[in-house]
Amino acid sequence: MYDIIIIGAGVIGALVARKLAAYELKVAILEKGNDVCSGSTMANSAIVHSGYDPVPGTLKAKFNVASNPRFEQICQELDVPFQRIGSLTVATEKEQLPQLEALTKRAQENGVPVRIISQEELRQIEPNITPSAIQALFAPTAGIVDPFLLTIHAVENAIDHGTELFLNEKVTQISKENGIYTLFTRKEHQYQAKVVINAAGVHSDDIARLVGDEYFTITPRKGEYFVLDHFKAGFVNHVIFPLPSKAGKGILITPTTAGNYLIGPSSQFVSEKERVTTDSITLNYVKENAQRLIPNIPFSQVIRTFSGLRATPIGEDFIIEESRQNPGFIHVAGIESPGLVASPAISDYVVDTLVMKRLPLIKRANYNPRIRPYTRLKNLSSEERDALIEKNPEYGQIICRCEQISAGEINEYLQRNCPPHSIKAVKKRTRAGFGKCQGGFCQIHVIHLLAKHYQIPVTKVNYDEEGSEVLIASSRGDQA
Amino acid sequence: MKHVDLVIVGGGSAGLAAAISAYDQGIKDILIIEKGPTLGGILNQCIHNGFGIETFNEQLTGPEYAERFIDEVDKRHIAYKLNTMVVSLNANKDLAYSNDCEGYQVIEAGALIMATGCYERSAGQIMLPGARLAGVMTAGQAQEYVNIDGYMVGRNVFILGSGDIGLIMARRMALEGANVLGVAEIMPYSNGLPRNIVQCLNDFDIPLFLSHTISNVYGRQRVEKITITEVDDQFNFIAGSEKDFVVDTLLLSVGLVPNNDLLMQAGAELSSTKGPIVDEKLETTIPGIFSCGNALHVHDIVDYVSDEGKLAGISAAQYLLNPHFENGAQIRVLPGNLIGYVVPQRIDINSNAEEIILKYRVKKPIEKARISVQIDGVEIKKAFRPFAIPSEMEMIKLRKQDLRAGSLLTVEVNSHE
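Line by line, the protein sequences give chains A and B.
Going by my numbering, the first sequence opens with residue 1087, and the numbers climb by one from there.
Going by my numbering, the second sequence opens with residue 121, and the numbers climb by one from there.
This is chain A alone, in the form it adopts within the complex (with noise of 0.2 angstroms):
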């Protein structure tokens, strides 16, 4: 018997999660992925937005505004890259200028520091803007994070204090008796808590479901994306985007933490809340958007295409509170963007006004909002490195040639609490296959190393869910 439940590990369950661990709460996650961060969290633009767009008074607003200035302290306690590089929202019409005038007013409303900046301004921070630019909304509290690590991380953190992660469990069914509910897993398990956090993203509603709850409903809005090699430094400096229309804040360009840049998203809702596909129609009007804002992007340095589906409730605002008629059953649901940068606000209020009323909140005396940093070899000196590797050769061992992992880093999150079960699981945790080869020569490493941690063969080796093994058996006589 648990005294919370929490369903889903994307960033929502996660900061969640770290948040009930400051307390004396035995805490599980159940998540239906084979690893956390595998649904909405997984992909996204990865932006710690300012706060300037989303609709005073909303919750978008407040728990955008209230979390980004955290980001410094969460990421530094979490080992988490992030970088507050400000973002640009760029006028490239006459008629645009009052829009941007609406947003100044819009973001000092929500409490946003902005300014509007001249075409020459721009041209001096962003060299590579299109001509056409005639001004731009420069929100200097506006960075990028790693999703990734932000959410694995938060989780580690979590269970160091105790909590349990459950993965590959989907919840199916759930029953209420006595206060107590019992959730019942596809794989036939049952777990048992006092409160339950449904932050199961675009499945939220088919959660809410089960306990009769039908006031929402989660429509999945696909955005799809480019993804370049960190061929140049400075290509792009700030988050660029058009400026906002009802579909979203628009396609926008962006350096990622590790250099990389993205170029997305579409907006499409979709009726399949699994199939994260890409199509070239899409991806071509994604092309020709963000060209409107930087005309030379090098489409050659692109290594990958993704998508990703927005949680979109049919509202406009995250819905975030108390199930009406089931007491301790809390909804966070519809956590489109802004939520990744909201998070922490969400996860607080969460906590300390909707499971306070359920629980007590007692404390935690050992509790130690940090994780132990990982080691990352770009990040020593030589002389640090060579100390590194005469200690534990493995960190000599670089088997992810484009991005230049060690052994080392990959089985440092082996070891650790929040491991990966999956090649795309260590991936995301190291960037190891991140690259220009997109793991065509660090794939067969990184499957040994997880058969070899798991003690399994290596046709049973994931690339990322249950069922999807590389190697499906030996060609040899020799050898399983």
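It is possible that part of the hints are untrue.
Label-pair ranges, simulated between beta-carbon atoms [claimed, not checked]:
{"#": "1", "chain 1": "A", "residue 1": "GLN1162", "chain 2": "B", "residue 2": "MET384", "range": "27 to 35 angstroms"}
{"#": "2", "chain 1": "B", "residue 1": "CYS221", "chain 2": "A", "residue 2": "PRO1459", "range": "23 to 31 angstroms"}
{"#": "3", "chain 1": "A", "residue 1": "LYS1180", "chain 2": "B", "residue 2": "MET384", "range": "39 to 47 angstroms"}
{"#": "4", "chain 1": "A", "residue 1": "GLU1469", "chain 2": "B", "residue 2": "ARG315", "range": "49 to 57 angstroms"}
{"#": "5", "chain 1": "B", "residue 1": "ASN470", "chain 2": "A", "residue 2": "HIS1539", "range": "53 to 61 angstroms"}
Note that these hints are calculated values from the structure, not bench results.
As the structure is a prediction and not an experimental result, all values here were calculated from the model.
Beta carbons are placed, not taken as given, at the ideal position from N, Cα and C, and that holds for glycine.
Model the placement of chain B on the given structure of chain A, informed by the hints.
Below, chain B without anything else, positioned relative to chain A:
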């Protein structure tokens, strides 16, 4: 900092040939740095035959071909490091490498030969539509899994792209008992060598769908089905031409790209084919750093890679032995009509080389091809080929006396009827 006269990055076919020739020119202090567990590079996974026809006048397998060169390296006691990754390089030819026994080491090279090979274009680079699933991989990756590691990657296989590795793997998978349902090629002609079409597809009754590409990939965890669609000459899908294949594996053979991260880091200029810009000595824009093999431009025959490695070895030796090794006035080399690229991209007008080999590929198949080499519009050399196809690298030799003063050399091809 430790000094080594000549460092060769990459111990594959290009690097081995370069080491041998540099040694024979009198350079004894040579170090080959290889990331893999053995010398030979990609040849080790190419267990099919057909290597060495030009060089040895016999058909060898990849490992046998590599062994001939490894034996020569060993005879000369040329030093090499295995399982060692070069992680940084600067324009002063200082490089850092890392391995598990020596740690992180920095050395200063008198001269460098970059023989770092190429990588395969991936699903991401070609914007493969559909879902991202297990069962989609590059043909070379599959080749490594099957031939080196000894694991099967699928039972029912489709192949996108008719590059040589794709064709070789079609046959290889069929020999391993897989059901190979077909090969789709977006171009109206194959991108593989004609002999591979015959030996790998025709002999195994594997259909080749020209002017077709993948329009969708379906599956949950692993590939379950693919759809191919015919394309018009603008590469637009032709509605109604869709064909579905129930497969668990999709291998990609959609192009190779020279791998030059280190040269980029050092600041060498790269060409549009992502190989470095070199002169007729294969020297990059950084003095004393040379390039050869698939890192310079993608080859289809390994024998020519070895020849190129040999030239790079000779040039690097000259650079080290001759203090007056300098570049004189240079002619720029550019591809003309229907030519994809030409290597080298610069020629020293005072070059004392007896002959200069221009290597190029045509952009599309051409019958009765007339190749013309011109300096500032004046033809200095011509050649005829009954056929020229993009999958075959062509060469044309210029003798010293063919060259004349000028600023721009072009290679162009026309069909003569």
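Results for each hint:
For the hinted restraint 27 to 35 angstroms between A/GLN1162 and B/MET384, the CB-CB distance of approximately 32 angstroms keeps it satisfied. Between B/CYS221 and A/PRO1459 the Cβ separation comes to about 27 angstroms, which falls inside the hinted range of 23 to 31 angstroms. Roughly 41 angstroms separates the CB atoms of A/LYS1180 and B/MET384, a value that falls within the hinted 39 to 47 angstroms. Between A/GLU1469 and B/ARG315, the C-beta spacing of about 53 angstroms keeps the proposed range 49 to 57 angstroms intact.
Between B/ASN470 and A/HIS1539 the beta carbons are some 60 angstroms apart, a value that agrees with the proposed interval 53 to 61 angstroms.
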